[in-house]
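Taking the hints into account, I'd like the entire structure generated from these sequences.
Number of protein chains: 2
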Amino acid sequence: MKATFMYGAGDVRVETVPDPVIRESTDAIVRVTRACICGSDLHPFRSRPSGADGTPMGHEFLGVVEDIGTAVTSLRRGDFVIAPFAFQDNSCVFCREGVQTSCIHGGWYGNNGVGGGQAEAVRVPLADGSLVKVPGRIDEALYPALLTLSDVYLTGYHAAWMGRVEAGKTVTVIGDGAVGLSAVLAARRLGAERIILMGRHRSRTDLGVEFGATDVVAERGEDGIARVMELTGGEGSHVVLEAVGHLPAYEQAYGVVRPGGVISRVGVPQYEDAPIGFGSLFGKNVTLTGGPAPVRGYLDAALIEVLEGRLDPGPVFDLSVGIDEVPAGYRAMDDRAALKVLVTF
Amino acid sequence: MKATFMYGAGDVRVETVPDPVIRESTDAIVRVTRACICGSDLHPFRSRPSGADGTPMGHEFLGVVEDIGTAVTSLRRGDFVIAPFAFQDNSCVFCREGVQTSCIHGGWYGNNGVGGGQAEAVRVPLADGSLVKVPGRIDEALYPALLTLSDVYLTGYHAAWMGRVEAGKTVTVIGDGAVGLSAVLAARRLGAERIILMGRHRSRTDLGVEFGATDVVAERGEDGIARVMELTGGEGSHVVLEAVGHLPAYEQAYGVVRPGGVISRVGVPQYEDAPIGFGSLFGKNVTLTGGPAPVRGYLDAALIEVLEGRLDPGPVFDLSVGIDEVPAGYRAMDDRAALKVLVTF
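First to last, the sequence lines map onto chains A and B.
Residue 265 in full-length UniProt numbering sits at position 265 of the first sequence; the count goes up by one each step and never skips.
Residue 221 in full-length UniProt numbering sits at position 221 of the second sequence; the count goes up by one each step and never skips.
Keep in mind that the hints are not guaranteed to be accurate.
Chain B stretches covered by chain A per the calculated footprint, using a threshold of three residues with CB under 8 Å from any CB of chain A [claimed, not checked]:
{"no.": "1", "stretch": "190-197"}
{"no.": "2", "stretch": "251-262"}
{"no.": "3", "stretch": "282-288"}
Rather than coming from a laboratory, the hints here were simulated on the basis of the structure.
Note that the structure is a prediction, hence the values are computed from the model and not measured.
All residues carry an ideal CB built from backbone N, CA and C; glycine is no exception.
Below you can see the structure in the form of structure tokens.
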């Protein structure tokens, strides 16, 4: 089969490798129907040191169950499934507490002998806990929306949910990437009336407005902070959803959050140390939350919304490529020529 | 009157100064009945550069209203009142949202022409919003408990409240100072059954056990983290209440918190930058919360509990001094000879 590997910054290759096979009795093999490239894939695409070994890439995919291990009980060959971006048993103590991305037995695609999702087939560990079956006949037009439940939309939803977005609260979303726009859509669905989107790519912020943003702030840094403060009558935002992951985005977040407010991060932090003392978070009783979205916990409810036509984050995909063109897809996202790239098979 | 000033590290003096007078129509003058020394007063006591000007000290006091400005409507001369450690109008947008310590018109004792609470009398700005009248005849035996509502107990309560302590959750409290012990008491009252107190001063942790701690961990650093992990079956604590304010306490907090857990800080951070990236908070979806306690918001309910005899944080006071002995009181707390020092007049 063909699969995607990264060898270093800017160096993504599609190679032919053996098809995956069942190794554990709890595995399933999924023949991939749609996959995509994640904003988080761009971090190593920009900075990863070159090496002799390639890392399997991709962690978002839809597909058809091709084979199952003997211990798999909830799936059959031929089932159409969504794979959350992390695998988990969905039954350990942390899964039961709603933190499936910290599953004691779970893990991430693309390492420890588990392949990536930007491939024609994937071995999915802990298949009963990890794969969500889509019932009935599925209209191909729904594929993009269904694929967003693998990561991007539900990551935006996680930000909004952990930020306790609700009616009457002003929400600021930092970042006009696909996760930021998903956060706008999720915030709107959770009842926010005032949603300020901080981003400077017009085509993206236009989609943000379609998704529910009421204000767009193109300025960054101190100017951006000043503009949000002005828009909120000098009070600041109740909730800030940080969907970038770089330190300046976090600095913007604590600059615009109001006393008692919440900063909810879903952009994977590209920093470890950052200000959290009296002058940034503590003095104004700001809550900092977020992390890798426990997509599995949100997926069942969101799936119903998509199938019933009430939720469509699909427009975050604006470019479609075949598996051989995945490296070009990375470049398109890196150049911001594409917002989010769908991979078809 | 006599009042306390700090001139530098270790240099606390009681001086005779003019009695305070009404300056604004919203002021009240309170004749102080009981005051105390705060753990946060020890930070400058250990590190403040020497200077020619003394800073008025103290921000916790009970007393009797001696005079009121013309605009004060809710208080009369002779009322017995509790002063929250910050003053506020209790009516601005942030006060209404429950963040009285960020009141737009509020402030802190000991600067900008407002004196400190370790004094025979205090000018209280925004008296209607700041002072809470204690109804009826008050038994002097209740003074210590009532004084804890000015800061220390309700700061511990703020930690527990923001940490979303509830039945079924394991709580770890870092710090066996008066705030830490208050946090133990508050966590117990909010329903926590398992409360692990990290502290190494036996007389203090004994009081912590009286207040509801079920386990005491004397080890610090990696050993302390390992011990808490062992006590929680390797899972970590749902809630960590950080009542110290130094970086190692924060590091301990993210070391023992479980995935999806909450770190709630009320120790005033003596640092600005700290780890919050994938390896500390983000990766396990840890929420960081806390700040200066909006005591005014919690005070009415807690006052009823104290007056009805259901709540008694008074035992955090273990040494009583007169106003002239306040400098000795600082030294006793700094030496850990005293847990918390009450000042009588």
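Tell me if chain A covers the stretch 251-262 of chain B under the three-residue, 8 Å CB rule, please? holds (count 3)
Mind taking a look at whether chain A covers the stretch 190-197 of chain B? Criterion is 3 or more residues with CB to CB distance under 8 Å. violated (count 0)
Would you say the stretch 282-288 of chain B counts as covered by chain A, given the rule of at least 3 residues with C-beta under 8 Å? Since 7 is at least three, the answer is holds.
Consistency note: the structure conflicts with earlier hint 1 alone.
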